[in-house]
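Okay, here's what each chain looks like letter by letter:
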Amino acid sequence: MAEKEYAYFCGCSLEGTAKEYDESIRAVMKALGVGLVEPDDWSCCGSTPAHTVSHVLAAALAARNLSLVEKMNKDVLTTPCPSCLMAFKKAQHGMTGSEEFKVEVNELLDEPYNCGVESKSSLQIIYEDIGLDAIAAKVTHMMPDLKVAPYYGCILSRPPEIANFDDPENPVSMDNVLMAAGVEVADFAFKLECCGAAFGVPKREMVNQLSYKVLEMAVDAGANCIAVACPLCQQNLDLRQGQVNSTMGSRFNIPIIYFTQLMGLAFGMSPKELGMDKVFVSADKITRRITKAEYEKIKEEEAAAKKPQKAKKEAAAEETNN
Amino acid sequence: MSEVASKELRIVGFLCNWCSYGGADTAGVGRFKQPTDLRIIRVPCSGRVDPMFVVRALITGADGVLVSGCHPRDCHYTDGNFYARRRLEMLKRLLPFLGIDGKRFHYTWVSASEGQRWQQVVTDFTKQVHTLGPMHQK
Amino acid sequence: MRVGVFICHCGSNIAGTVDVAKVAEEARKMPGVAYATAYMYTCSEPGQKEITDAIERDKLDRVVVAACSPRMHENTFRRTVMKAGLNRYFFEQANIREHVSWIGLDKELNTKKAIDEVRMAVEKVKRNKPLFSTSFKVNKRVLVLGGGVAGMQAAIDCADGGLEVIMVEKSPSIGGMMARLDKTFPTVDCSICILGPKMVDVAQHDLIKLHAYSEIAEIKGYVGNYQIKIRKKPTYVDWTKCTGCGLCMEKCPTKNAYDHFNFGAAPTRAINIPFPQAIPKKATIDPEFCRQFVKGKCGVCAKVCPTGAINYEMQEEIITEDVGAIITATGYGLMGIENFKEYGAGRYPDVITGIQYERFLNASGPTSGHIIRPSDHEEPKTIVFISCVGSRDKSLGVPYCSNFCCMYIAKQAILTKDHIPDSQSYVFYMDIRSPGKGYDEFTRRAQEEYGAKYIRGRVSRIYPKGKKMVVRGADTLLGTQVEIEADLVVLGNAVVSAEGAAQMAEKLHISYDTHGFYVESHPKLRPVETNTSGVYLAGACQGPKDIPASVGQGSAAAAKVLALFSKDMLESDPAIANVNINTCVGCLKCVKTCPFQAIVEDTLRNGKKVAKVIETVCAGCGVCTSTCPCGAIQLQHFTDNQLLAEVNAICQK
Amino acid sequence: MSTQKLKEIIKQVLPDVETVICWQEGFDKLNVTPIFITSPEQVDKVVWNSACAQNLASYLPSQKKKVAVVVKGCDSRTIVQYMQEGLIDRNNVVVIGMPCKGIISKKKVQKAIANEPVEEVTFTDDSIKVKTPSGEKTIAVKDVCPSKCTSCQFPTPIVYDHLAADAIESDKPADSVYADVAELEGKTLEERWAYFAGQFDKCIRCYACRNACPMCVCQDSCIAETRDPHWITQKLSFDEKLMFHMIHSLHLAGRCVECGECERVCPMEIPVAKLKKKINKEMKALFDYTPGVNPEDKPPMYVFNVDEAKIKEHKL
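Protein chains in written order, with the numbering used here: chain G, 19 to 340; chain Z, 15 to 152; chain Y, -5 to 647; chain E, 684 to 999.
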């Protein structure tokens, strides 16, 4: 039995295009002693199309799943997909905020939803419930060649009154999680920029332009990898990177990796287990791993080499001050 | 509104002069419409409101009692509402034990500038008392 | 008992939604009511005459007026009944306007409610007792809190009027925010050139005593007789010896102290005189940075000081001043840049605040008036100003307009062009708010003569790109997104209440709003008074204000104090607590709960222990009355029986 | 029994005090009444047994000179509360503590013997033997004790200068104190209203509960009988009865030391103390305060915290 156990909603993407996100989350959570239980007979969260048609019907789709969680006697549901998360959070927000809305939604459901479930992103669970210390304790390997731009996407922390997590304009949770996992993180100004989202189908050029900006900023920031927490972001930046290059005339070759995959690599898991082979832009060149002990030894040697210089400098400074 | 208008209930309000009475005035000046059930008694400070006034009102025919003072830390008399808060919280917890629905009694803080908040408090409290109906007779 | 009831139509304000004739008719049936009538405007002169005539004609001994809020006209009608020979506490006002006619839609229900309000007032007035004020002496000294332009104006006006003034300023020099400004809008005259003489006036006036680098520790007392404890913070420099020569500042080895005066635009020394025109022009040591305090060794300033003024052992000192009135001019604060995450939250050195930019513009500022880019000290060519940064933003808890940012941004755009002729300024704005005299012309000049490009829209993000800061925003007039590669970004950050404003209000017993600004007694008719008599407001402590408004309020507050002090004696409010020594059992629970320590233990001649109220200290809150188990201590005019009469008037089964 | 030791202590302290307040036998052995001992000869009259129900501490605030008083554990809370409220000068009181394993309720004993006349009573540690015209009956104290004894947390006085017997530890669980309150809380609003309405309607407004209450400091100034202020009329209606009991409860908010005197003296057997115990339960929850336990505490209704950790704003 795991120490902590959450209801887990992987959603449709993670069963398909983002299989590696699901695999890596399950692997990382297991390593961290967290159990994930899927509700029986879960259905579509409502996703983007539903709420553009009807708020009530969209909320009903989400609430159906939430009521399943209630039946499991769980009060927290975690989902890796920000889109699913927002569907659940919006349903919760609407139903707790208005009795009328709640009645309206519940009329559509076989089992009424009593608003007893809080939905949290898997990033939030990892950041807040598990904590940085626990992550750091699991790290066995370092990736000295890697420098990551953490990319949160648009809805993980926004709108703040619904998301209720991290800073809406400058989130730091993924930065901190990755740093705890021993990964070097770049100061990345476009953490929340739009990747183009679902417009990849109707307006491909626009998505290419937007994704281009994100990729460009990451490279400018000195990163050689972008860490993501959203299947759609991953798809736009990874799958369409070639399209971006051909329409924008760029030559990006930057891997787009789920933050959980990077955690898994730091935990010493095999790339295969983490689905590293499922991304389009390969990360093999930048994810060279050495053990933590080796890494520390190198660092010690570097520090020893620097030390005499530093001491000298300090002494000089002291002299001029007095 | 029609529900309220059809059958008024008796609601007594004790309002401190400096904040909540002023807030009710501000609501009036702003023409923020409210249900008419409430009758307001002006007191200098919420600290002047002996819980026995609330009890007396509820026993002798009020269906609801509302006490409103300055926000904590903003009392015109510095500490009056701090005492009020303890006394009224005690009463709030005692009434349901006696068999009087705690929802018939509400205490809150409204400042002189919060006309809209006052409108909301009166509207919501009146609605709450109406859902309970008239006070039970012995 | 013969109660007269006067129902006011208040034009159509009341009569429009209340059947006033019906109310008068019902009032006539109430026990004890001898006369009831409705009148068009009861507060008008003929309306008041109606009351005095009726008192005489019908031998009335109590009066109820059902009209507007007693907070509006209670004093008016109290004077009316007094004129007719009644004690002014034989009057009650039923509020049938703010609490009835203006908020209820249904005339029938309103009328019913108005009748109840009248019944309550009648029952209360029947139990009212005649109360008499006592007179007490006024201490004709005034305390001015804060040495900004509003406080200085108030102090000078009071002192010119012959009053002794005590001024307390928390920072080492008076001058406030205005002393930091380079130029003032819309005249673009030099700020310190017009403020400097005023500062000198304050320093040299015989009747003004200045306590700089001091704070209020405690305020006790009441209008006419306040006892103020002032905490003089240790400056570690004996100001009686310091000549302000500045040698210590020159030699101080700590060069990275935070410069409070310059809002951190550049570092300063650990011992410093904030600015050349400072008053008093004395040095102060910042123990947070001084090596003598941080490391326990240095002593350079002590070595170089020609007068031996340095004293590292200096302790804070508490002094007491007695005054009769207080003018609060504690100013405002600015929202911290860390709140603006989308603008970098202070992570980018080339995103600065308006006041920091003002210091760069200022010839006595850290760059001697040269505009620089903090990151590399180069001269910026493209400067973006963003207004409403925090202001009018509910999500940051500042729904209000900060009043003067539009104007100072226009001024800074103009000055920028003067300083760097080949520069280009951009101003992102929501609305241009320039309703003062010559103000709108000024913002037009910034655009038309100085070429500042005004872009109507919000900035969504600032991010670095090489040496530039990219400012990305919307141009809502063109309906496009704009990106400007700027060398320097200046934020017009929101005006917030001064640090510690709430705690100061608690010491003063005055109200403050949710944003920490002090609440005036009446938003239109009593703008510088507070609900605590003897305490007045001036300047931005009441809300964001520009210089002319602050100066105006300073003078207004001074006029109020001068009027108050024109009498030698003040009358006390007789609505205070009173102990019935026959029923008091001496449990002294009232002594424990009195917020003003106005109740003491007393022993009667027969040895009985009872409570005793110190009349001048009692503020009339009534906490004692609701504490007393045996009803022996009663707050006059709000006694148990008076309030019970009101309860009984509405609660009858 | 420790009567002998008690008598010795009384003799020992008597020279230093004006009077020693203790118990003596009344018109029969079941009825014990107070005795104010001023001379050594009176000491023989002193009794100590499970019929010593009166809370003698109640006499203390009216004493002008130094006195000694004998208190049971429960009674000692009265002294502590007086100290908190500054109603007595501790230096002027010699407290003789009497550890106690439980007292009897006279009413319950009378019920147990079918209200027959009492001819003789013999007391043992945990039972009494009552002789009536129809024979002898041995009754266990625990079967006829007042409810306060069944959850007694302080069998040994909290404050004392002398202890007349070995201290006893409480063997009752702490959560038993408010078990009766919790039981009522489990009922519906309507059931509770019916219960209290029925109980308070029995009141004959004799004010015995008030007169016996050690915390009713108002004495002749009680607002139940004044016109100024006129909180309550003389009408013998349910409303006025309820008002009286609410006044009593609210005046004792955070002060009731649960000595049970009000219920002991009530001729109508109204559970007068219930509302006060409920308030005490809430005082414990809100302010972690129990009346009459720690002399350094302050009664919660006379103090405040600027930020109250446990008081949350109520939403409508």
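No lab work stands behind these hints: they were computed from the structure.
Quick caveat: nothing in here was measured; it's all calculated off a predicted structure.
Don't take each hint at face value.
Claimed, not checked - In silico lysine-lysine, DSS-like type, Cα no more than 25 Å apart, as pairs: (1) 22(G) / 165(G); (2) 748(E) / 120(G); (3) 141(Z) / 998(E); (4) 141(Z) / 459(Y); (5) 120(Y) / 16(Y); (6) 998(E) / 603(Y); (7) 748(E) / 117(Z); (8) 231(G) / 459(Y); (9) 47(Z) / 275(Y); (10) 748(E) / 602(Y).
Quick rundown of the hints versus the structure:
1. Taking the CA atoms of residue 22(G) and residue 165(G), the gap is near 31 Å; set against the 25 Å cutoff, the hint is violated.
2. This hinted pair does not check out: residue 748(E) and residue 120(G) have alpha carbons roughly 70 Å apart, beyond 25 Å.
3. Taking the CA atoms of residue 141(Z) and residue 998(E), the gap is near 13 Å; set against the 25 Å cutoff, the hint holds.
4. The hinted pair formed by residue 141(Z) and residue 459(Y) fails the criterion: a straight-line CA distance of about 57 Å is larger than 25 Å.
5. Of the supplied pair hints, the one linking residue 120(Y) and residue 16(Y) holds, its CA atoms being roughly 22 Å apart against a limit of 25 Å.
6. At most 25 Å may separate the alpha-carbon atoms for a hinted pair to count; residue 998(E) and residue 603(Y) exceed this at roughly 44 Å.
7. Simply put, residue 748(E) and residue 117(Z) have alpha-carbon atoms about 50 Å apart, too far for the 25 Å limit, and the pair is violated.
8. Annotation: proposed proximity of residue 231(G) to residue 459(Y) holds, straight-line Cα distance about 12 Å (limit 25 Å).
9. A distance of roughly 58 Å separates the Cα atoms of residue 47(Z) and residue 275(Y); the hinted pair therefore is violated under the 25 Å criterion.
10. A hinted pair counts as satisfied when its Cα atoms are at most 25 Å apart, and residue 748(E) with residue 602(Y) qualifies at roughly 14 Å.
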